[in-house]
Structures are given as structure tokens and as C-alpha cells.
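**Q** Protein chains in written order, with UniProt numbering: chain A, 1 to 325; chain B, 1 to 156; chain C, 1 to 506.
Don't read these hints as lab results, they were simulated from the structure.
Hints should not be assumed to be uniformly reliable.
Heads up, simulated EDC-like pairs for lysine to aspartate or glutamate below, C-alpha to C-alpha not over 20 angstroms straight-line [stated by the list, open to error]:
hint	chain 1	residue 1	chain 2	residue 2
1	A	Lys143	A	Glu247
2	A	Lys221	C	Asp353
3	A	Lys143	A	Glu300
4	A	Lys153	A	Asp132
5	A	Lys153	C	Asp461
6	B	Lys140	C	Asp55
7	C	Lys286	C	Glu94
8	A	Lys221	A	Glu242
9	A	Lys269	A	Glu300
10	B	Lys140	A	Glu57
11	A	Lys269	A	Asp280
12	A	Lys269	A	Glu247
13	B	Lys140	A	Glu30
14	A	Lys221	A	Glu102
15	C	Lys104	C	Glu94
Among chain C residues calculated to face chain A with C-beta under 10 angstroms, some are [to be verified]:
hint	residue
16	Ile197
17	Tyr200
18	Asn345
19	Asp353
20	Asn452
21	Arg470
For each residue, glycine too, the CB sits at the ideal point set by N, CA and C.
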Amino acid sequence: MKVFKAALAASLLVGGSLALTGQALAEWPERAVTIIVPWSAGGGTDATARAVAQELEERFGQPFNVVNRTGGGGLVGHITIANSAPDGYTLGVITIETTMFEAQGLPGAAPENFTLLGRFNADPIGINVRADAPYATAEDLIKAVSANPGALKASGANRGGLSHLAWAGLLNTLGVDPEASPWVASDGSAPAMQQLAANAISIVSTSPAEAQSLVDAGEAKTLVVMADERSSLYPDIPTAGEALGVEWSPLPFRGMAGPAELPEEVVTKVSEALAEITEDEDFITMMESRGFSVAYQDAETFTQTVMRSRDALVEAMQAVGLAQQ
Amino acid sequence: MRIDDRILGVGLALLALFIIQQAQTIPSVPGTTFGPSLMPTLIGLVMVACGLAVFLGGVRSAGAGPLIDVSVWRGQTRGLVCAAWAILGVIVGIAVMPWIGFPLFGLIYALPLMLLMGARPIAALPVAVVVVLCAYLVFKRLLYVPLPAGPLTFLG
Amino acid sequence: MGLDVLIPALSLVLQPQVLVVVLLATIYGLFIGAIPGLSATMATALLIPLTVYMDPVPAIAAIVATTAMAITAGDIPGVLLRIPGTPASAAYVEEAYALNLKGKAQLAMGIGIVFSAAGGLVGAIILLVGAPILARAALNFSSFEFFWLALLGLLTSALVSTNAPARGLFSLCLGLLISTVGLDVTSGQPRFTFGVIDLYGGVSFIPTMIGMFAFAELLRGLSSAGTTPPVPERQKLWSNPFAGVGRMFRTYPWSFVRGSGLGAAIGALPGVGGDLAAWIAYGMSKRLSKTPEKFGTGHEEGLIEASSSNNAGLSSAWVPALVFGIPGDAVTAIAIGVLFMKGLNPGPQLFVDNPTMLTAVILTFALANLLLIPIGFFAIKGARHVLAVPRGLIVPTILVFCVVGSFAINNTVFDVGVMLAAGLVAYLMESNRFPIAPVILGLVLGPILERNFIMSMQIADGNLLGFFGRPVSAVLGVIVCAVVLIPLIRSVLRTRSRSTADIGAS
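This is chain A alone, in the form it adopts within the complex:
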């Protein structure tokens, strides 16, 4: 017994707090959990992540601290989550960009580098133009693009970002050369919407929630959403199928994940908690008030969705010349 005590004391002295985390999980979580968000504070992913973290905190009785690790179009934060210790005390929110990094020649943050825990949000991307633009429908816009190649410039994200891929992929599906509407690289949707308001570009590809404030101000209008069915939050906006007669729905998601090989206990607990949270009235109201829809998938379904969207997206990236190969 004495020897054991001495050994314990020594391990405490030498290994410090690291020694504690190495021990078997008695009952996860027994201390604070860090939630890494790869996008900046105040943005959509951050807002939804904080709402989820707060709910998790209430359910598990331990602090869930949100930490923003931004940069590189989300790559830095994704890599940080993937590289953290798989003990369940560092988790994160991942976004659709995880499926695209590898094809862009940026390794270390592919879906395989994570244990996927569950999806809580998915919002389609819309095509927005100036309110005074001469096209009433998405069809008019596409006609204008193919009639004047290079004249109508589009923006909404970095080159190779999902918004870009969504727009280029739509044109590609319609048989129009994606380069007919040159992409202007921007840091997210906000600067792109500003460019649209200032009449410096013609098209912004972004989610209706992020275009909302300019649409409300009467400066912009959303012509189409790239989804299979109409959004319950924006029932008046037609889908790509209705407006253009094509199947094209690159659906951005936000979900919880941890590093690869997370203990089974953590996966089950977080996945179940997410299921409860996404049925919580207050949570749904909060999400909808900001224009985000609640779309739960459990760990297994989420993993399948991610893998499927990767296949589709990489194919599209190759088609429009955004993949490295």
C-alpha cells in the first residue's frame, strides 16, 4: 500500500495532470470539455456551436468551453480537433469543408481523421442577386450568364470553398462553362454581400440566412436554393429542381466530432444528447430565429452522409477544375 501511494505521488509529481487523463474513464465527462470551433466568433458556426455547448453543459453538468481556432478556410481548427488526444475532453464542430481539404491538396483534416458524433444543422446554399437586377427567375440569370461570358462575376467564399463549388457545380450541371461567371474570392459571405450591395459584383452564392439582412433591406433577392426540397424557413424560394430542372444539392452541414478512435462511451453519450437537444423547444426556437434549421443525424447516419457528400463534391471539384489532380 505504501509503495502504491509513493508511486501515485511520484506519478503526480512527474506526470502532473497528464497522468490523470491517461487513466481509464470512470464516467465521462468528469471534468471540463473543450469544444473547438474552426470558424470565427460571431459567425453562424460559432453561434450554433455555442448554443449546443450550452445545452451539453446542462445535460452533463460539466463546463463545455467553446474555443475558436480559425484560419485557412477552417483548416486550422479542423486539424486541431483531429490532432487532439482521443480522450473525449477535446471535441469540436466540423463543417462540410472537411470533405474538400484533401482534394485541394491539404491533408490532415479529412473525414477519416475524425470520429463523427452527430449532425445538428444543415442549410442549403442560395443564389442571390441585386434586388434591381433584370432577372426575375434563376433561368433568366443562367441565360444572362451564358449570353455574356465573363461579365457577371460571382462571389461568396474563397476560391474552392463550398459556395464557389455550389455555383460552379450548378453551371456545370446545366451545361454552362463555370468560367462564364468568374469567381471573385472573398473571405466568407459578408464581404461578398457588401460587394453586391455596392454593385461591384452580380451574384452571391450563400445560404439564405446569411443573405437575410440585405434581402430585408430591399437590396437583394434570392432566386433559388440548391436543395432537394424547399426550406421550411424560406418556403417561397424555389429549389434548383423546380427552377432549373436539375438535381444539384451540395448541402453544408454542422456537426459534432472528435479525433479518430474516440471511446465508444463518448460517441454514444454525445450522439444521444444531440438527439435530445435537437428536439428541445428552446433550442429549435433559438436556431430558427437566426435562420438556421435544425437537422439531426446520429453518429452512423452522419458518417454516411459525410462520406457520400465527399464523393459527390470531389467529383464536382474535378469537373470544374478545383481539385489538385
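Please arrange chains B and C on chain A, whose structure you already have, making use of the hints.
**A** Just chains B and C now, kept in the frame of chain A:
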């Protein structure tokens, strides 16, 4: 430490040329017309011009003082020892902080420096302990910054 | 702006949390500002790691309160020891010390505090009224206009506010270059990372700034001036430090009006900031005074004008910072960086999306400046004790906070290394007369400049004439060209006249 403008100017211009060369190696996303290497290249060009301007200014006022002037350091032995402690302490701290923890590092770093700078031990010891503990507890407890605790695990 | 914005904004400001934060920040600013060798910028730099964890309103309130108090308190060692506490108070340190020699130390400090507060309030009102009007005009700015504005701010800070343009420009480029390190936002490609994963997110600006403004300053203090400044002599107990200050408003009303007006105007220019205002105001006061011969001998007039311009400029420097996202000096650059981290991207759109939050931020200026007066009272009373704290205790304490503050931003010791490297670079730069503030401005504005430049190039298909294609951008473009060309032409003319003089002499 003051370096003569002629050496400085040439050095800075060479640094800028190195930057321009490095900028050319930045890969670009396929199809990009104005890519990620454009801005660093432009900055590098302006830096070359600045380096040359500093060099020319040095040539114009040539000959004043030694090429590398360290006179400000002369006669400041104690101050230099303090500065060296301040710098080396941080370097060592980066290496050992994950193991010995922040509280111990802070104390080992700050207390000798206080004494070196002429503070009385009777004042330095309590001030150092209080400062390090305050910094640790405020950041760890109030702000949830995961500062390493090291062997002093009882601090939480 | 109507009451519908003002009242919720007031309720955001008048919360116990905000008030406590402002109070603590004011006291902290007083401490740092009053100690010679510790500048207002350093006070702000060390405060940032804490503000990152606060809500936007208390965070900005803390920054504003700290800088306002630190700059004001910078007058105190000026009066008592003839050592300016901050660069801004260097403009009138002789005058203030002369007043002390005349036995009017109390009046000098009283003037410093009251007129700083009054000037700051004027600046705050200009900010509150002017910024939304300007923002409405800026709503239709595209990347072309923002590119020119960012360039204008950067160039003025590098060229106009230093007397060695090549060095200022180099500092600026260094800052811009550091801002390009990491994964490029628009293409996702790593730049200058040399394979180091920690650099993928870029060089964090807060550790850089702590290194450049705090660590480097401490190193300079350690390695050159080993002697501690003298402790001021015990003064007789002052009954009321503000006695006689009220009379000054009546005696020199125009000095106050001119000073705060000038300060507000200069501060609002992109890239200029508040420090310069005090120098210009003091000079102008002397030129326009009825009794210019009294200047330098302990005369109140110049002190009033410079003090009010100081803090007026401090507030109005936030106009370009909030409206265009183009900061005018190091402090606003730091604060803009914090706002970006909180997702509140300064710019005209913010005035539309979140006017309440913005108004609340602006109201904290008024609050901080009002608090100057009561805290200033204790400052004058306790000045001697603040100055008597041994340097040997202060410097190591600040060093500990440099380390912990750098660590706290990304929770990594890598950033402590960034802090150290930035500190050493800044120390070498400043020993060789390279200004530091343009580095920070470049670091903060670099991404904005680059993004808007690349966007504009892509929109204009690489045609540089496109940068002059819109009316406002054409005007801004011409101004930028003038800012670059005028000093260049002047220096060429000077060299030519010098060489003709040489020929004439030989």
C-alpha cells in the same frame, strides 16, 4: 545596438529579395488569376526599395560612428544580465512549462529577476508569489485558459 | 439615430459588469500610464488577453477606459518628474514641469485631467453623431473604395507620422508581410509557414503586439537606463486638486474649443491617430496666443489646448476604425483586432446590422471620460505612491503577464515564442529608428488590404484603371497618389537644391 545604415540597408534589401524568391514558391489554386503570391511579391518589391533608400541615406551621411554601435550597452552590466534573464527565461519556459507548470515557472522566472533588479527580498518574495498565483488563478479559473499546473496539482 | 437605438444601448452600457470593468480598467490604466517607461499602448497590449474573453461592450469599454486614463495619467510624471508618461504628453512636458517649479503642480495635474476628460467627451460626441452619418455614405463602398482607404490609412501612418519615410514604409511592409503568414484566406494555400503547423493559422497578432509594445519596451528599459527615476519629493497635502481648474474654462474658452476641435479632426484622419494631435495643438496654441512669450515658462494656455486635443483625438480616431474598419493608431488597431475576433467586423454594414451594440460601444467613451475625473482625483492624491513602487517589482510582474497573456490567446506555448521573437525584433528595430506602430497597423490591416486588392483585381480583370472607375474610388485613389508623391517630390527637390547649393559653394 545600432547598425550602420549602409549595412542595414543592404541587409534589408537582401532579406526582401529572399522573401520575393520564397513568394514565387507559393502554389496557387487551379484557375486563379491573382493568386496568393501576388501580395507578398509586391510587398517584397517595396521592401527592396526601402532597403536601398536606407542604404543611400547611409552613404550620404557616411562615416559617422562605428559600423555596429553598442555604446548604449556599455556600463550596463547588471541591466544586461537582467535582460538576458528576461529573454533566456522565456526560451527555457517555452521548453519546460508543459512539465513544470506555469506557477513554478512564473516564480522561478520572476523572483530572481526582482532580486537582480534590486528589490528587497522581503518585498520580492511575497509580491512574486502573489503575482504568479493571481495570474494563474485569474486565467485558469475565470477565463478557463488551460495553463499547465505541473506538479502543483492542488492549485487545480 | 433615434431613441430606439440609444435607450437599449444605454441599458447595455449601464450594467454592473460593464461599470466594474470600466472602473478596474481606469485604475489599471492610471497605474501603467503614471509609471514612466510604460506607455498607454503597453497598457492596452497587456489588457487584450483578458478582453478576448469578455462580451464586446465591456471588452471595448475596458480598452477605451484604459487608454484614456493611461494617456491622461501620462501627464502626472511629466508634471512631477519632467518625464512624459506617454508619447502624447511629451508635447507639453516642459510646460507642465515649469508649472510645478512655480509651485502649481496641483493646477497642472488638475488641468491635465479635467481638460482631457472634457476633450474626450467632445470626441465621443463627434463619434456618436458623425460615425453613423459617415457609415451611411460608406454603405455603397465596394472593394475598390476599401482598398484605397486601407492603403491611405497605412501610408499616412508610415509616411506622415514618422520623419524617416523609408523606415516607416519598411516597418509597414514588415507588418503586412507577417499578416500573409499562414493559410491564405482566399485560396487556402500555406504561405511562409516553412512546414510549421502552428503557423498555419497565421502569426497571432496579440502575442506579436505584446512582444512589440510590452516586452521590447521592458528590454529597452533594462538594457539602457539601469538607473531608476527619482521619486518625487513629498508635496504638501492638497485640499482640492481641481481648485482653479474651473476658472481656466472661463479664462481660455477658445483654447479648449480649438484644442478639442483640432484633436477630433486630426484623430479622425485615417492612419494619423491621437499622438500627433497634442503636438500640433500645442504649436497652434502658441502661434495664436495673445501672450506667446509666456509659453514654456509654466503657462496654462498651451496645456489646456494640448490636453483637450489629446483625448479628443483619442475618441475620434475610432471614427475611421469603426466606419471603415481602418484604424488610425496602434491602440485602435488593437481594438479592431479584438472586434474581428468577436465576429463584429467593423465597417458600414455593422451600423446597419447592429446599431445598438455600436452605439453602446461609443457610449462607453463618454463613460470612460467621465470616470477620469473622480479617478483622476485619487490619481493626483496618490501619484507619489504610484511613482514610488520599486521598478524591480514592476518589471518582472509585467513580464509574467506578457508570458501568460501570450499563452492565453490560443492556449499554446508557441505563441509565447512569437511574443519573444516579436519583442526582440521590435527592440532591434527601435534601436535603429524604425517605428513600431506601422508594423501593428500593417499586421491588422494586411488581410483587409490584400482581400480587397485581390477582389478588385479579379473584378477589374487585372486592369489597374478599374481602380479609378467609380467616382469615390477615383477621388480616394488620387488622394493616395498625392500622399505618396508629395513627400517624394519634396525630397527630390530638397536633394536638388542641396546639390545646387553645393555647386554654388564650390
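**Q** Compare the structure with each hint and give your call.
**A** Structure-based check of all given hints:
A hinted pair counts as satisfied when its Cα atoms are at most 20 angstroms apart, and A:Lys143 with A:Glu247 qualifies at roughly 18 angstroms. Under the criterion of a C-alpha separation no larger than 20 angstroms, the hint pairing A:Lys221 with C:Asp353 is consistent with the structure, at around 18 angstroms. Between A:Lys143 and A:Glu300, the direct Cα distance comes to roughly 42 angstroms. Violation of the 20 angstroms bound is thereby established for this hinted pair. Of the pairs offered as hints, the one joining A:Lys153 and A:Asp132 holds, with about 16 angstroms between alpha carbons and a cut-off of 20 angstroms not exceeded.
Our distance criterion of 20 angstroms between C-alpha atoms is met by A:Lys153 and C:Asp461, whose separation comes to about 10 angstroms. With a CA separation close to 18 angstroms, the supplied pair B:Lys140 and C:Asp55 stays within the 20 angstroms bound. In summary, the hint linking C:Lys286 to C:Glu94 is supported, as the alpha carbons are separated by about 14 angstroms, within the 20 angstroms threshold. As the CA atoms of A:Lys221 and A:Glu242 are separated by approximately 17 angstroms, the hinted pair is consistent with the 20 angstroms bound.
For the hint pairing A:Lys269 with A:Glu300, the CA-to-CA distance comes to about 13 angstroms; that is within 20 angstroms, so the pair holds. At roughly 18 angstroms between alpha-carbon atoms, B:Lys140 and A:Glu57 fall within 20 angstroms of each other, so this suggested pair holds. Between A:Lys269 and A:Asp280 the alpha-carbon distance is near 17 angstroms, which keeps this suggested pair within the 20 angstroms criterion. Using a Cα cut-off of 20 angstroms, the hinted pair A:Lys269 and A:Glu247 is violated, with the two alpha carbons roughly 36 angstroms apart.
For a cut-off of 20 angstroms, the pair hint linking B:Lys140 to A:Glu30 stands: about 17 angstroms separates their Cα positions. Proximity of A:Lys221 to A:Glu102 is assessed by CA-CA distance (about 34 angstroms); at most 20 angstroms being required, the pair is judged violated. Straight-line distance between C-alpha atoms of C:Lys104 and C:Glu94 comes to about 14 angstroms, which keeps the hinted pair within the 20 angstroms bound. Hint status for C:Ile197: holds, given a least beta-carbon distance of 7 angstroms to chain A, under 10 angstroms.
Look at C:Tyr200: its Cβ gets to within about 5 angstroms of chain A, closer than 10 angstroms, so that hint holds up. For the restraint placing C:Asn345 at the interface with chain A, the shortest Cβ-Cβ distance is roughly 6 angstroms, inside the 10 angstroms limit, so the hint holds. Contact between C:Asp353 and chain A, as hinted, is supported at the beta carbon level, the nearest pair being about 6 angstroms apart and thus within 10 angstroms. Interface restraint check: C:Asn452 against chain A, minimum CB-CB distance 8 angstroms, threshold 10 angstroms, status holds.
Checking C:Arg470 against chain A by beta carbon gives a least distance of about 8 angstroms; that is within 10 angstroms, so the hint holds.
The structure does not agree with the numbered hints 3, 12 and 14 stated previously, though it agrees with the rest.
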